[in-house]
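Asks: Letter by letter, the chains look like this.
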Amino acid sequence: MSPDELRARFDAELSAAGLNLAGRDYELLFAMWTEHRPQREALRAAVPMPDEEPDA
Amino acid sequence: MSADALCDLDLTGVADAIHAGKASSLEVTEAYLRRIERHDGVLKAYITVLADRALAQARVADDELRRGARRGPLHGVPLALKDLIAIAGVRMTAGSRVLAHHVPARDADVIERLHAAGAIILGKLSMHEFAFGRPVVDGTFPTGRNPWDVAREPAGSSSGSGVAVAAGLCAGALGSDTGGSIRGPAARCGIVGLKPTYGLVSRRGVVPLSWSLDHVGPMTRTVRDTAALLQAVAGRDPGDPSTRDARVGDYTAQLESGVSGIKLGLPRRFYLDSPGLHADVKSAALAAFDELRRQGATIEDVDAPTLDLAGAIWVTMLSEVYELHRETVRDQPLNFGEGIRTRIYMGALVTAADFQRGQRLRARLRREIMALFEDVDALVFPGHASPAQRFEDIPMGQIVVPGSRYTNVWNLLGLPAVVVPCGFSRDGLPVAIQIVGRPFDEATVLRIARAYERATDWHTKRPNPETWKLAK
Chain A
1 MSPDELRARF
11 DAELSAAGLN
21 LAGRDYELLF
31 AMWTEHRPQR
41 EALRAAVPMP
51 DEEPDA
Chain B
1 MSADALCDLD
11 LTGVADAIHA
21 GKASSLEVTE
31 AYLRRIERHD
41 GVLKAYITVL
51 ADRALAQARV
61 ADDELRRGAR
71 RGPLHGVPLA
81 LKDLIAIAGV
91 RMTAGSRVLA
101 HHVPARDADV
111 IERLHAAGAI
121 ILGKLSMHEF
131 AFGRPVVDGT
141 FPTGRNPWDV
151 AREPAGSSSG
161 SGVAVAAGLC
171 AGALGSDTGG
181 SIRGPAARCG
191 IVGLKPTYGL
201 VSRRGVVPLS
211 WSLDHVGPMT
221 RTVRDTAALL
231 QAVAGRDPGD
241 PSTRDARVGD
251 YTAQLESGVS
261 GIKLGLPRRF
271 YLDSPGLHAD
281 VKSAALAAFD
291 ELRRQGATIE
301 DVDAPTLDLA
311 GAIWVTMLSE
321 VYELHRETVR
331 DQPLNFGEGI
341 RTRIYMGALV
351 TAADFQRGQR
361 LRARLRREIM
371 ALFEDVDALV
381 FPGHASPAQR
391 FEDIPMGQIV
401 VPGSRYTNVW
411 NLLGLPAVVV
421 PCGFSRDGLP
431 VAIQIVGRPF
441 DEATVLRIAR
451 AYERATDWHT
461 KRPNPETWKL
471 AK
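Sequence order for the protein chains is A and B.
In case it helps, the working numbering puts the first sequence at residues 1 to 56.
In case it helps, the working numbering puts the second sequence at residues 1 to 472.
Please keep in mind that the hints were generated in silico from the structure rather than gathered at the bench.
Since the model is a prediction, treat every value here as computed from it, not as a measurement.
Just so it is clear, CB atoms sit at the ideal spot from N, CA and C, and this is done for glycine as well.
Careful, some of the hints might be misleading.
One-sided and incomplete, this derived list gives chain A residues near chain B with beta-carbon spacing under 8 Å [stated by the list, open to error]:
(1) Met1
(2) Glu13
(3) Leu19
(4) Asp25
(5) Pro54
If you only want the chain B side, here are some residues facing chain A, beta carbon under 10 Å, derived [what the hints assert, rightly or not]:
(6) Val103
(7) Pro275
(8) Glu338
(9) Arg357
(10) Gln359
Excised from the complex, chain A in its bound form (with noise of 0.2 Å):
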């Protein structure tokens, strides 16, 4: 994914959680969510059997 289009993704992400941010606090949460996207990510792939439930 190239600069622009991360940026982008992220925009999107912000827009659709209801958050308008600006200054430092957007520049931070985007170098923090460009930080987590690998755990993300790995949550994403790691696809549990379709009997694996959550706890009670």
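Position chain B relative to chain A; hints supplied.
Replies: Chain B alone, transformed into the frame defined by chain A:
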């Protein structure tokens, strides 16, 4: 006994001195208050010191003892609390300007239990904002300074609890642990810290961070002290539904039973081979494991593949934190520190599907770890990735603290986990090992920790108060 000598005792030593009449509770309380007055300007362990209240409680405790009424092992012993545990009528800030003027009307369950046990409460201890902020050296609620090197942080979020116990500013403390907030400061301050089984200690009256991960537990100088404090605060509380299945054990009966015949599992790949593990922590931990073998334990390598996904499953916390603070951060964002504000916003970007995926994988991780406990009595590994950092070396924008894998896994699973000192780095900073057990098997976890502790003298080391000065 001099005031400083009293403050150098561990919790059991203080309790014994009071019980034997070698010192009154009032003398001990005054000794701690003087030490706080002398050193807390630098160490910043306390947000609120309850001097008058503590002295009054101490006089009552002494009167009771004179009448032959001893409430229990904590009678007259001065303790302190992370400032997210409610005392009726006492300001409780959670280290945040959001709660800067908040005064709870009712005691937390653990306070009721400590009062019943006869403990004296010296005050409320500093902490990372809402147990999730970043260390700060200035502002309204600065982070405590590590008594082994005041230029370094004590880890968090129960930073003041770690500092106060290590520096002898109280006989013991309670902290809270959502991803390592008891065990991190304990490891980096050279003390014992226990995150109990989820649901063993009530969180009623404790400012929440993440309901499925929050735990309250003891931080003390020795394993015996931790056992005594846990005994006082553990138990069912109708006000906290997570405690409905609590099984309270006897945490001191088997404490000296040793580890002969105990089978330990070492998650070598995930913990010892992790590139983030500091060489000094690793070598000290390996030496500690050798000591446990000498004491009669066997140690075998174990593994659980889903450990690698623990960081991904951590969306659980992000989501729960955001749900908790959503309205407040929207209405008064500038009352939150920058470090925590951004981290709270991260939770808004976790989708419902991601959260549910995290819960399914969390259940898988639990099954894998519980399968390990069919073959071993407990797991052992380094207590923390690295010794204490300098304040200026701590990065601002990280959502997950480096090295959190050593602690946060055990919050996800709710298992009892204790850190116990195992030496010092080449820079003279404390390092620790960690021991994790089956649900509600704190007795075994503490027994193993004690077997190691009694074979070593790390728990007798004290930081030097003469070094508690800030560079000009």
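Asks: Against this structure, judge whether each hint is valid.
Replies: So, going through the hints one by one against the coordinates:
no. : hint   : result
1   : Met1   : violated (16 Å)
2   : Glu13  : holds (5 Å)
3   : Leu19  : holds (6 Å)
4   : Asp25  : holds (6 Å)
5   : Pro54  : holds (4 Å)
6   : Val103 : violated (30 Å)
7   : Pro275 : violated (15 Å)
8   : Glu338 : holds (7 Å)
9   : Arg357 : holds (6 Å)
10  : Gln359 : holds (4 Å)
Going through the hint list in order, the structure does not satisfy hints 1, 6, 7.
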